[in-house]
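Please work from the sequences and hints to get the whole structure.
There are 2 protein chains.
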Amino acid sequence: MTLQQADARTAAEPIPVLAVVGVGLIGGSFAAALRRAGQVGRVLGVGRNGPSLERARELGLIDEAVGAAEAAARADLIMLASPVGTFGAILAEMRASLKPGAIVTDAGSTKVAVAQAARAALGERLACFVPGHPIAGAEKVGPDAADPCLYTGRNVVLTPLPENAAADVARVRAAWEACGARVLEMDTVEHDQVLASVSHMPHFLAAVYVAQVARSADSRQRLAIAGTGFRDFTRIAAGSAEMWRDIFVSNRAAMKAELAEVRTVLDEAERALDRGDGAALEALLEEAARFRRDWKTGR
Amino acid sequence: MTLQQADARTAAEPIPVLAVVGVGLIGGSFAAALRRAGQVGRVLGVGRNGPSLERARELGLIDEAVGAAEAAARADLIMLASPVGTFGAILAEMRASLKPGAIVTDAGSTKVAVAQAARAALGERLACFVPGHPIAGAEKVGPDAADPCLYTGRNVVLTPLPENAAADVARVRAAWEACGARVLEMDTVEHDQVLASVSHMPHFLAAVYVAQVARSADSRQRLAIAGTGFRDFTRIAAGSAEMWRDIFVSNRAAMKAELAEVRTVLDEAERALDRGDGAALEALLEEAARFRRDWKTGR
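Sequence lines, in order, name chains L and E. Using numbering that gives the first Met the number 0, read the first sequence as starting at 0 and increasing by one per residue. Using numbering that gives the first Met the number 0, read the second sequence as starting at 0 and increasing by one per residue.
Calculated directly from the structure, the hints in this document are not laboratory data. Using N, Cα and C, we set each Cβ at its ideal position, and we do this for glycine too. Among the hints, erroneous ones may be present.
What the hints assert, rightly or not - The list that follows gives simulated cross-link-like pairs (lysine to aspartate or glutamate, DMTMM-like), each with its CA atoms no further than 25 Å apart: (1) Lys-255/L <-> Asp-217/E; (2) Lys-98/E <-> Asp-6/E; (3) Lys-255/L <-> Glu-69/E; (4) Lys-98/E <-> Asp-62/L; (5) Lys-139/L <-> Glu-285/E; (6) Lys-139/L <-> Glu-286/E; (7) Lys-255/L <-> Asp-6/E; (8) Lys-255/E <-> Glu-269/E; (9) Lys-139/L <-> Asp-62/L; (10) Lys-255/L <-> Glu-189/E; (11) Lys-255/E <-> Glu-285/L; (12) Lys-139/L <-> Glu-123/E; (13) Lys-255/E <-> Asp-62/L; (14) Lys-98/E <-> Glu-123/E; (15) Lys-255/E <-> Glu-269/L; (16) Lys-255/L <-> Asp-273/E.
Said to hold, decoys possible - Using C-beta positions, here's what the derived DEER-type ranges look like: (17) Gly-49/L <-> Gly-37/E: 55 to 65 Å; (18) Ala-282/L <-> Pro-50/E: 21 to 31 Å; (19) Lys-139/L <-> Glu-267/E: 25 to 35 Å; (20) Val-188/L <-> Glu-57/E: 50 to 60 Å; (21) Ala-282/E <-> Ala-165/L: 24 to 34 Å; (22) Lys-139/L <-> Ala-95/E: 53 to 63 Å; (23) Asp-143/E <-> Ala-119/L: 55 to 65 Å.
As the list claims (entries may be wrong) - Per the computed footprint, the stretches of chain L lying under chain E, defined by three or more beta-carbons under 8 Å from a beta-carbon of chain E, are: (24) 165-175; (25) 212-220.
Here you go:
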């Protein structure tokens with residue numbers, strides 16, 4: 000049986016051949032969710048990490064591991080779920096062999112830099128690239144963390160490019176909806192500003208805080224009595240350093256603007272602490288508590 | 000039946016009469032856990048908030064609401080679970096009527112200031128006060144949040160005073176162990192330094208961050224796409240503003256020292272961000288991720 004025959008056998012599904020670049024938590028969960036929903040035929044896995052690809056195959060997340068060019072030639076939908084810093088090189092490698100009608104999307108946490116990288120790498124084929132970002136994740140990494148329910152009830156933001164065909168955007172939307180996600184659309188700049196605030200900044204602050212605890216002379220004793228507040232506040236700091244490095248670097252401008260605002264409030268809070276000003280501290284704490292309690296998402 | 004008769008009816012339990020000052024999450028859960036363990040006879044509730052006391056009685060957390068002086072006269076064990084800033088006045092009110100042999104303990108999150116307040120308020124009766132701190136809590140507040148399982152598997156730190164009798168410390172330890180907690184002992188200064196790091200600082204940073212998001216012009220849109228990272232990182236910021244105000248003010252010196260260390264790492268991270276220095280960012284992120292993943296508490 001040729002590769003084309005293997006792919007054709009499964010042509011009854013909405014996505015006959017799916018390729019996932021990066022078969023960890025994000026990519027593996029996307030494949031698993033689409034498979035569970037009966038939306039996908041054959042799943043190709045692409046990645047630099049041999050053991051991860053082999054593990055993804057053992058787990059049934061992918062059917063076979065292939066190179067980027069072969070994935071481009073065979074897949075109807077390609078999901079880039081590797082660190083965002085890798086997208087440019089991967090898209091450049093795929094460009095010449097992309098199957099006609101194929102759609103490429105991604106799960107990168109920043110969108111301005113991703114759109115720029117796609118534009119540079121794909122040139123006149125840019126229209127096939129529909130940028131996206133699932134607002135979901137966990138502190139776990141790797142194929143073993145993949146979960147077909149990861150996206151259930153989660154938000155996915157698509158940031159379509161002016162070049163995209165409406166039908167292609169609709170197909171990416173349908174794939175995410177089949178994973179159980181709610182799909183929103185925003186423009187790339189707006190996405191990056193909002194995400195810098197509600198996603199990237201918490202990770203940045205949690206990592207800074209955990210590194211500070213780690214460097215303390217009595218760090219082991221501190222951990223021994225740390226409780227649930229510490230647990231929840233620091234959970235995201237256990238995430239992939241490589242992935243978050245790329246996110247911070249590629250969303251640097253929005254992060255810096257947001258961090259300046261955080262420092263303004265931090266300075267205000269520290270001044271109140273210095274003065275022992277209970278009223279000012281309580282006002283700030285109450286402002287935060289009310290806002291957080293009012294967050295009605297049921298999560 | 001006189002009050003003394005009502006109390007005597009239940010004298011078979013290890014704690015014939017328990018008084019809880021502050022019948023919210025912490026105090027209510029302590030009473031509920033001891034009652035479930037069959038350790039307590041009658042439970043008296045003390046508080047400033049009439050509706051909370053009535054609700055605690057409806058829920059069966061307390062048997063009756065009484066004033067501080069009456070609680071002191073009748074109780075064998077008194078748990079102070081109101082904000083730490085209230086302890087001095089409550090202990091002063093109780094001092095003259097404390098039943099012989101009664102033990103007073105507390106659940107305050109700082110211990111140096113609490114020990115000072117107890118010393119000032121109790122004078123020659125100081126020996127009956129055994130300071131303690133359960134490392135447990137939740138973003139919920141009030142008697143409805145009380146949970147007999149809140150302390151199961153959690154750490155409780157006792158910081159005995161030089162004046163305490165070993166038998167009294169042992170009785171407080173036994174009460175917490177009956178609640179399912181693990182009991183550790185530390186001195187008051189060490190406790191406050193460690194807690195400033197692993198408990199108070201996360202709350203301070205989470206509140207600063209949430210207040211900054213709350214003040215943004217597009218705060219509603221930010222919340223609309225915030226995900227699980229935001230949820231976990233900010234959970235503690237929903238806690239009681241009054242309680243945390245008192246904690247911050249009473250543990251101000253340790254907080255300030257810790258905050259200076261956090262700012263050192265924050266500055267380092269921001270400089271790396273400014274330079275777009277992916278290697279430096281990744282090193283910091285990896286340091287935090289390894290430390291957090293190595294936290295083996297099963298929680």
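Structure-based check of each hint:
1. Lys-255/L <-> Asp-217/E: 17 Å, holds
2. Lys-98/E <-> Asp-6/E: 13 Å, holds
3. Lys-255/L <-> Glu-69/E: 57 Å, violated
4. Lys-98/E <-> Asp-62/L: Answer violated: Lys-98/E to Asp-62/L is near 75 Å, above 25 Å.
5. Lys-139/L <-> Glu-285/E: 14 Å, holds
6. Lys-139/L <-> Glu-286/E: 16 Å, holds
7. Lys-255/L <-> Asp-6/E: 63 Å, violated
8. Lys-255/E <-> Glu-269/E: 20 Å, holds
9. Lys-139/L <-> Asp-62/L: OK: Lys-139/L and Asp-62/L at ~23 Å, within 25 Å.
10. Lys-255/L <-> Glu-189/E: Outside the cut-off at roughly 36 Å; violated.
11. Lys-255/E <-> Glu-285/L: 21 Å, holds
12. Lys-139/L <-> Glu-123/E: 55 Å, violated
13. Lys-255/E <-> Asp-62/L: 55 Å, violated
14. Lys-98/E <-> Glu-123/E: 14 Å, holds
15. Lys-255/E <-> Glu-269/L: 8 Å, holds
16. Lys-255/L <-> Asp-273/E: 8 Å, holds
17. Gly-49/L <-> Gly-37/E: 55 to 65 Å: Given about 58 Å between the Cβ atoms, the range holds.
18. Ala-282/L <-> Pro-50/E: 21 to 31 Å: Hint holds: Cβ distance 24 Å, inside 21 to 31 Å.
19. Lys-139/L <-> Glu-267/E: 25 to 35 Å: 27 Å, holds
20. Val-188/L <-> Glu-57/E: 50 to 60 Å: Holds: the Cβ-Cβ distance is about 53 Å, inside 50 to 60 Å.
21. Ala-282/E <-> Ala-165/L: 24 to 34 Å: 44 Å, violated
22. Lys-139/L <-> Ala-95/E: 53 to 63 Å: 58 Å, holds
23. Asp-143/E <-> Ala-119/L: 55 to 65 Å: 57 Å, holds
24. 165-175: It is violated: at least three residues are needed, and the stretch 165-175 of chain L offers just 0 whose Cβ sits closer than 8 Å to chain E.
25. 212-220: holds (count 7)
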